[in-house]
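From just these sequences and the hints, can you work out the full model?
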Amino acid sequence: MGEEVHRPGQERGAAVIVVDSNVLAARNLTSVQTRAAEQVEELDPLWIAPPLWRYEFQNILAKTIWARQLTPEAAMAAWRTISTQMAENEHEPSPEKVIELSSRYRITGYDANFIALAMEMGVMCVTEDGELQRMFPGIAVSMKDFATRPSSEGRVREAQPVYRTRQKRSN
Numbered sequence: 000m001g002e003e004v005h006r007p008g009q010e011r012g013a014a015v016i017v018v019d020s021n022v023l024a025a026r027n028l029t030s031v032q033t034r035a036a037e038q039v040e041e042l043d044p045l046w047i048a049p050p051l052w053r054y055e056f057q058n059i060l061a062k063t064i065w066a067r068q069l070t071p072e073a074a075m076a077a078w079r080t081i082s083t084q085m086a087e088n089e090h091e092p093s094p095e096k097v098i099e100l101s102s103r104y105r106i107t108g109y110d111a112n113f114i115a116l117a118m119e120m121g122v123m124c125v126t127e128d129g130e131l132q133r134m135f136p137g138i139a140v141s142m143k144d145f146a147t148r149p150s151s152e153g154r155v156r157e158a159q160p161v162y163r164t165r166q167k168r169s170n
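Numbering (numbering that gives the first Met the number 0) for the sequence shown: 0 to 170.
Mixed in with the good hints there might be a few duds.
[As the list claims (entries may be wrong)] Cross-link-like lysine to aspartate or glutamate pairs, in silico, EDC-like; alpha carbons within 16 Å at most:
{"no.": "1", "residue 1": "Lys62", "residue 2": "Glu72"}
{"no.": "2", "residue 1": "Lys143", "residue 2": "Glu37"}
{"no.": "3", "residue 1": "Lys143", "residue 2": "Asp43"}
{"no.": "4", "residue 1": "Lys143", "residue 2": "Glu41"}
{"no.": "5", "residue 1": "Lys143", "residue 2": "Glu127"}
Bear in mind the hints are in silico, worked out from the structure with no lab data behind them.
Laid out in C-alpha cells, this is it:
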C-alpha cells in the first residue's frame with residue numbers, strides 16, 4: 000500500500016478501507032444507515048478518503064440543516080469531530096487515474112476520486128452507490144456486503160503456524 004495510514008487511537012498496521020462521504024455521514028450523523036456504518040467500523044476502523052470528502056460532507060451537513068434535522072451548531076460539532084478523525088487519513092488519488100476512470104466508465108470525477116484511491120491503495124471502497132458497486136464489483140462494496148464478507152476477504156493475513164506434538168526420543 001505504500002503510505003502509512005492511521006486513525007487516532009488505533010493500532011498502526013491494521014487493515015484500511017476507502018469510505019465515501021455517505022458512509023462517513025452514516026457513522027457521524029444519526030440515520031437509518033448508522034448501525035451499518037458502525038458495523039463496518041468495528042470490522043475495519045482505519046478509514047481513508049480523498050480530500051474531496053470534506054466538501055461532500057459539508058454539503059450533506061447543509062442539506063440536513065435545510066431539512067431541519069440538525070441545527071447549525073450541531074452540524075459544526077459533527078464537522079469538528081469528523082475532521083479530527085480524518086485529519087491524517089486524507090489521500091489524494093492521481094489525477095490521471097481519476098480522469099481515466101471518469102472517461103472510461105462515464106462516472107463523475109467525484110466518484111472517480113474514491114474508486115481511484117481504492118485502486119491505487121489496493122483496498123476496498125465502501126459505498127452505498129449501487130452503480131459503483133455494479134461497475135467495480137471487486138472494489139466497490141456496500142456496508143452490508145462488507146460486514147458479511149468472509150473475514151479474509153480484503154485483508155492481508157499471515158498464515159497460521161502449524162504446531163505438532165513433540166515426539167519423545169527413545170534411548
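A quick look at each hint next to the structure:
Taking the CA atoms of Lys62 and Glu72, the gap is near 14 Å; set against the 16 Å cutoff, the hint holds. Pair hint Lys143 plus Glu37 holds up; C-alpha atoms about 11 Å apart against a cutoff of 16 Å. This hinted pair checks out: Lys143 and Asp43 have alpha carbons roughly 13 Å apart, not beyond 16 Å. For the hint pairing Lys143 with Glu41, the CA-to-CA distance comes to about 13 Å; that is within 16 Å, so the pair holds.
Using a Cα cut-off of 16 Å, the hinted pair Lys143 and Glu127 holds, with the two alpha carbons roughly 9 Å apart.
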